[in-house]
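A.B. asks: Protein chains in written order, with my numbering: chain A, 1 to 288; chain B, 1 to 271; chain C, 1 to 368; chain D, 1 to 346; chain E, 1 to 235.
Because the hints were derived from the structure by calculation, they are not lab data. Everything numeric in this text was worked out from a predicted model, so none of it was measured. Glycine included, C-beta positions come from ideal geometry on N, C-alpha and C. Hints may contain errors.
[As the list claims (entries may be wrong)] Anything over 10 angstroms on all C-beta distances counts as not near chain C; from chain D, calculated:
{"#": "1", "residue": "Glu28"}
{"#": "2", "residue": "Asp80"}
{"#": "3", "residue": "Phe85"}
{"#": "4", "residue": "Phe101"}
{"#": "5", "residue": "Leu102"}
{"#": "6", "residue": "Leu144"}
{"#": "7", "residue": "Phe247"}
[Said to hold, decoys possible] Some, not all, of what chain D presents toward chain A, calculated at C-beta under 7 angstroms:
{"#": "8", "residue": "Leu105"}
{"#": "9", "residue": "Arg109"}
{"#": "10", "residue": "Ala113"}
{"#": "11", "residue": "Tyr114"}
{"#": "12", "residue": "Ala121"}
{"#": "13", "residue": "Leu254"}
{"#": "14", "residue": "Gly290"}
{"#": "15", "residue": "Ile293"}
{"#": "16", "residue": "Ile294"}
{"#": "17", "residue": "Tyr314"}
{"#": "18", "residue": "Lys316"}
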Amino acid sequence: MTLFIQQFFNGLSLGGVYCLAAIGLTLVFGVLRIPNLAHGALYMVGAYLTYFFLTSAGVPYILAIALAALVLAGIGIGMERVVFHPLRNAPHTHHMIAAAGAMFFLHSLVQAIWGADFRRMESPITGRVEILGTQVSWQRVTIVITAVVVLIALTWFIKKTVHGQSIEAVEQDRVGASLVGINPNRVSMLTFGLAAALVAVAAGLVAPINLIYPTMGDVIMVKVFAIIILGGLGSIPGAIVGGFTLGLAEAMATTYVSAVAGEVIAFVVLILVLAIRPTGLLTKAVQR
Amino acid sequence: MLMQVRGLSKTFGGLHAVEDVSFDIAEGEITAIIGPNGAGKSTLFNLITGFYRPTAGSVTFKAKDITGHPAHRTAQAGVARTFQTTKLFEHSSIAENVLAGCAAGSRSTLIDAVFRTPRHRREEKASMDKTLELLEFTGILEFKDEIAANVPHEVQKRAAVALALATEPELLLLDEPAAGITEDETARFGQLIRQIVARGVTVGLVEHKMSLIMSLADSILVLDQGRRIAWGTPEEVRSDPRVIEAYLGAGSQGSTSQEDGIQERTPGQGA
Amino acid sequence: GDGEGGTITIGVTGPQSGGGALYGENVEAGIRLAIDELNEQGVTIDGEEYTVEMRALDDEYQPNAAATNAQRLVEQDDASVVFVPHAGGIHAAQEINTSRSEFLIGAYSSDRQIVERDNELTFMIPPTFASYSEPFIELFQDQGAERLGLLATASEYGQQWTTMMTQDWEGAGGEVLSNNNFDYGAVSDFASAVASALSEEPDVILVGGPSQTTALVIEEARDQGYEGGFMIMDQAKFEEMELFTDPENLNNSAGPKPVAEFDDPGTDELVERFAEEITEERPLTAETSLNFQAVALVVKAMEVAGTHEDPTAIREALPEAATEVDDVFRVSGFPDVVTDEGLLISDTLEGAHRDSEGNYEYFPVEIE
Amino acid sequence: MKLTFSIRGVGALLVAAALLFAPLILAEQNYLLRVLITGITYAIAVYGLNIILGFTGQLSLAHGGFFGIGVYTMGLLTTDYDWSFWSALLAAIVLTTVVGFLAGLLALRTREAYFAIFTMALGLIIYMVISRWEDVTHAYSGVLGVKLPEDIGPLDFSEPATYYYLLLVFLAAAAYVTYTLRVSNVGRRLLAIRTSEDLASSIGINVGLNKQLAFTASAGFAGLGGALFASAEGFIGPNSSSIDLTFELLMFLLVGGVATVMGPIVGTLLVLMLFEAFQDFQAYRFILLGPVIIALVIYAPQGLIGRLNQLTFYWKRRRAAAQKTAAGAPEQNSPADPHDEKTEVR
Amino acid sequence: MLEVRDLCAGYDTVDVLHNVNITAEAGRLTLVLGANGSGKSTLFRTISGLVRGRSGSITFEDKSISKLSSNRIVRAGIAHAPEGRHLFPQLSVEKNLTLGNYARRSSKSELKELLTRVFDLFPILQEKRSQAAGSLSGGQQQMVAIGRALMSDPKLLILDEPSMGLAPMVTEQVLQAVAEVNSEGTGVLLAEQNAQAALGFAHYGYVLAEGRVVLSGAASDLQNDPEVQKAYLGV
Ligand SMILES: Nc1ncnc2c1ncn2[C@@H]1O[C@H](COP(=O)(O)OP(=O)(O)OP(=O)(O)O)[C@@H](O)[C@H]1O
Ligand SMILES: Nc1ncnc2c1ncn2[C@@H]1O[C@H](COP(=O)(O)OP(=O)(O)OP(=O)(O)O)[C@@H](O)[C@H]1O
Ligand SMILES: CC(C)C[C@H](N)C(=O)O
Ligand SMILES: [Mg+2]
Ligand SMILES: [Mg+2]
């Protein structure tokens with residue numbers, strides 16, 4: 001039973017990690033419909049930036065994350081301008097390949113700057129808390145709480161603010177959007193900037209429980225794509241459900257089946273869900 | 001009767017988009033369907049052609065029950081349609097569009113194509129001939145190499161008809177074929193429809209342009225809020241107070257007067 | 001020497017980008033350091049002076065890319081020796097090195113299959129990992145350990161280690177618990193796998209993958225309250241792990257001996273040069289030191305054979321060359337013998353045990 | 001009509017001639033021949049990807065996996081089970097086709113992004129099975145000594161050039177099938193589906209069935225490519241079924257030109273040669289290659305062959321227009337509506 | 001208010017408009033007639049910035065707008081209900097409408113007023129306010145498109161065949177409503193196939209043929225022009 005509870009919390013924190021990493025992608029892929037394969041690379045750059053501010057520039061942890069988010073937002077915007085904006089009328093496959101090009105570029109660039117070494121980042125959030133007889137680190141608790149808070153704030157932002165709605169409008173009809181006075185370019189940039197900032201926060205929080213290295217984003221990215229599809233594209237509640245489902249499924253499969261099962265479970269769940277509901281768990285009413 | 005529709009219904013959530021509609025389409029005639037916006041006309045077409053599954057009711061075509069058959073089977077059985085927002089293969093040329101219609105019905109397989117069997121060559125030739133004939137017939141031959149997305153509205157509408165005809169249907173359902181085209185053109189479109197009937201294709205027509213309806217239709221089905229409120233000859237329908245109230249409005253006389261611009265129709269065999 | 005006579009190209013194909021980039025960098029560092037030293041000393045073959053050069057291509061750890069690169073190095077750069085630091089690449093290169101092209105493979109992988117293929121143009125640089133099995137088991141069983149947990153990385157090499165250890169541990173009368181191996185590089189959070197392994201209450205756990213991730217796995221286990229021992233596969237290095245986790249977490253573990261602890265004549269100098277010329281951010285490890293030795297060995301073999309172009313002759317000269325290599329190149333268990341199979345045997349190889357106080361003890365390991 | 005055909009015909013002939021004489025030109029550069037050989041096996045798989053993506057518009061990310069199934073069927077059957085090359089080749093095609101068919105039943109229920117991610121998951125599962133099912137696939141240890149084709153009469157396939165020509169035959173077949181698709185009713189049906197499934201089914205095209213067939217055939221080609229790859233390489237590992245491979249295949253296709261006949265081979269060889277050329281920049285080559293890839297996609301979104309076809313098409317149009325200037329025939333042009341999402345295919 | 005001078009415009013390689021001159025006065029209803037493909041929509045798209053003009057000038061309230069992007073043009077006070085509608089199909093009718101006010105950022109009460117006006121005009125939309133716009137009937141979608149343009153309370157309203165797909169009764173209602181909006185002071189630029197009815201409301205009209213203005217004049221003059229009568233009035 002303690003094993004179960006322990007794994008439950010492990011799954012929960014893993015789910016939190018997934019959710020945090022998924023948020024930006026939900027915006028960019030789910031809402032703007034750009035399958036940004038470089039999202040994982042942005043996550044990685046976010047981790048390096050946090051690391052840089054923390055160690056080389058010596059600023060405090062929270063500030064380091066904030067600065068990294070700021071810089072990464074700039075990078076995200078640059079990426080939108082240089083890579084995706086020229087492709088706005090091209091099919092999504094082209095976005096994918098261009099994003100892959102951007103991903104290669106970022107991997108190489110980071111390796112050129114920081115080398116291929118593994119790095120470890122210390123978080124000031126230390127110690128563990130005992131919940132139901134199991135030990136959970138504060139860092140993990142922080143991740144889960146941040147994930148939930150950010151997701152709620154974002155849902156609110158998208159649904160309730162004019163800005164949020166403009167993102168949806170641009171996704172659905174660029175011409176229509178510009179005809180009501182929305183600047184589609186600005187919205188795209190805003191979305192990319194926001195997505196990048198969020199993924200930097202995710203990376204900054206997650207980095208201390210893992211390592212920093214140039215390909216660290218690859219693993220998480222595939223899972224994150226799975227999550228937002230599992231939940232239903234563009235659905236933020238879907239991303240929450242998807243993220244925590246996969247986190248828990250992985251923890252449980254690892255415990256009660258095998259480690260290999262833990263690694264594949266995400267994809268098996270995805271396939272099962274889509275086989276039954278081809279448009280994901282929580283989908284909007286109308287398909288285009 | 002070429003087609004019999006009985007008690008057809010469709011609900012979306014709580015909304016009865018089409019409710020218990022029955023009517024017939026007689027062979028060789030033009031059956032028009034009119035009604036206010038949102039009356040369920042397009043939905044009715046979607047039900048007949050298998051794009052939606054009816055919640056109740058039946059559709060019989062050539063004495064065979066086709067209720068709920070998927071769209072492609074309905075099309076193969078001989079029911080073609082156009083869409084309200086004109087749908088074409090936008091990035092292909094007009095000729096390629098019509099060729100696609102021919103290809104849809106062709107029997108040849110990849111094996112035929114790979115080995116260039118006589119059947120394949122025969123079909124290729126036939127498709128080409130048919131395409132040119134249909135473009136000529138619909139009067140858009142000169143646009144054959146234009147990309148569909150770039151030709152004027154009215155050419156698109158005609159191309160959509162040619163594409164539908166390429167599948168060699170017995171029944172052609174047209175959803176607002178004359179929307180957005182000039183009066184002048186509308187009249188010529190009326191002629192085209194008449195020629196289609198003359199080819200032996202039965203036509204079902206949804207349209208808001210009463211000039212067209214009144215001059216062409218052999219019988220008219222009137223829908224309002226999903227229900228049938230009238231079904232009969234143009235004369236019957238025109239004078240039906242419920243139709244006037246729900247659809248035509250008091251100014252309806254004005255629109256029918258435009259009938260003059262259109263040739264006298266050939267009398268149908270009666271509804 | 002100036003090497004007016006020409007150049008000898010040592011080919012390398014390894015991961016320079018992607019997940020294996022660091023590993024590839026370390027290998028290349030060893031080769032580069034050796035080459036610099038060799039050029040300093042001068043290389044004379046058949047009376048002519050040569051400059052040695054390294055030409056390295058990126059294969060992203062992919063077997064077929066490695067083979068293509070090797071062929072390219074041989075054809076375009078006239079390399080007669082190509083170093084390949086991963087089992088897959090070595091196997092793929094072995095498909096062509098005696099037929100479509102001719103070149104000697106400097107195989108840096110501890111997978112024994114490499115020398116079992118009767119490929120006449122291969123020599124295997126590191127000790128086979130099978131060498132560690134017996135001493136590790138003895139060490140922990142002497143301490144009373146019975147239950148072995150499995151928590152290694154799920155790469156080829158990890159799986160083979162695990163299979164070997166499972167057999168040997170059971171052979172020695174111990175109990176092997178369920179296999180919780182997972183891919184260290186593909187899992188975002190180790191906590192679950194560690195928790196599963198711990199739930200069976202092992203006395204000792206087999207871990208191992210890249211040092212850094214291994215350190216994290218060990219740390220996670222300690223955090224979850226595990227107090228038993230660790231057997232650490234030879235890929236992970238104590239000297240690196242110490243930088244990634246509180247060294248106390250590593251207490252009560254056995255693994256390969258840190259390079260810096262070897263008493264070979266060249267060790268100290270190489271440690272110093274590594275820090276100076278490569279990086280101070282990470283310690284010198286076996287990836288670097290073993291390849292360093294191997295380059296010296298193979299160039300010496302060229303001198304002995306009197307040719308730098310004939311791979312067969314070079315291969316045949318290896319055993320003799322092993323005895324003649326300069327002391328600076330002897331750093332971490334320099335081979336005394338090169339077997340016909342292509343194994344490099346050193347009788348000074350040792351393993352390390354970090355006891356519960358955090359002190360290291362070394363024990364002999366016999367290469368098999 | 002004739003004119004365009006001949007321009008394209010000449011282009012195709014040039015490529016064919018280059019491929020035919022490559023072994024003679026590359027006599028001293030075996031490694032480039034090796035790159036070509038690998039490239040051709042990939043290109044065959046790319047032709048497969050082209051069927052599903054180019055002709056029905058569905059992005060499959062399972063093709064690396066299908067390729068892997070071909071690789072391992074060939075690899076395992078000719079080693080552990082000692083089958084002959086030819087029977088293993090047949091088995092590989094059959095197996096991938098069957099797997100493709102079964103996968104299609106589920107995958108094709110989804111569309112667009114969902115289809116892409118569904119197939120990506122499928123590809124990853126295939127990869128996991130291959131890389132973890134030790135007892136059967138030998139996992140990361142890989143498979144050694146995959147057989148080359150048995151000699152046929154005087155043809156000795158252990159000679160790289162001979163094997164190369166054998167591959168060329170398969171490649172030509174794949175290209176020919178694609179060509180036939182482009183100009184036949186079967187291809188028209190698929191292209192119709194790609195543009196609008198609703199419209200396609202309204203004219204009687206069985207969308208589900210056609211997509212299913214396309215996906216199945218597409219998987220079969222990937223398997224064929226994989227099987228040939230395994231034999232050409234001799235040693236195989238799980239890498240040859242990875243998701244990275246899928247993206248490489250996709251990149252080859254997009255650079256060459258989706259839905260074109262020559263795109264797959266031109267794109268594949270071009271990118272591979274580009275990769276080789278950039279090797280000199282070592283680890284940092286992607287600092288250059290990344291932007292190069294992005295630029296290719298941005299400036300030739302229809303791919304190189306697609307772009308060339310478009311140019312010949314314009315040229316033909318302009319001539320036609322010039323011939324009847326008097327009539328003031330409207331000119332062709334590409335869609336300018338910012339909402340147009342798909343690029344032209346011809 | 002709106003001055004189009006010597007405008008040439010087109011797509012990639014086709015020229016559609018040739019030296020078009022058009023003026024839309026404030027508070028008046030200006031009608032553009034023309035056969036299919038004569039360039040009406042292209043003209044409107046160029047004015048609202050969806051298509052870039054090649055030469056010539058467009059000024060609105062004495063400021064050049066030919067270089068502005070369409071979202072800036074909306075802010076300047078021009079609303080365009082385009083051909084093809086360009087709604088946001090997955091958003092609710094109400095969201096579509098409120099987004100129509102995006103450029104304006106009206107206060108809550110103003111927004112409510114504008115919404116009421118649209119709902120008064122098209123009562124069915126009130127009923128369907130929370131339904132996704134993409135699931136409406138064709139005519140209902142057309143109503144949303146017009147309504148959305150009205151929501152920005154523009155100075156100049158450009159309507160491209162607003163009656164397309166509308167039932168005859170509604171067509172009249174819509175034209176009536178357009179006239180009403182116009183009489184409240186909003187300038188209107190209208191393309192409409194139902195020339196008969198439209199000319200009745202319009203002040204001034206232009207006839208376009210093959211991208212050129214071939215005729216212009218007061219609506220009443222056009223109504224009596226034999227050419228117009230033949231081509232557009234079906235007389
Ligand atoms: N997919 C759907 N989901 C929900 N409601 C729908 C859907 N499709 C149609 N409706 C509703 O059903 C009703 C009938 O729509 P339909 O498109 O059949 O009308 P119509 O008679 O063709 O009108 P129009 O003349 O405007 O084209 C409308 O109220 C519409 O909102
Ligand atoms: N996106 C486009 N690309 C190329 N040509 C186009 C495009 N859109 C329209 N055209 C062409 O421009 C010309 C003018 O079209 P436009 O749509 O402006 O005419 P219109 O008067 O609005 O006609 P309609 O009554 O059919 O709406 C036509 O010949 C048309 O084929
Ligand atoms: C420890 C190393 C010598 C093993 C190496 N990672 C390999 O691929 O075989
Ligand atoms: Mg309708
Ligand atoms: Mg228009």
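A.B. asks: Of the hints given before, which are not true for this structure?
C.D. replies: Violated: hints 1, 6, 8, 17 and 18.
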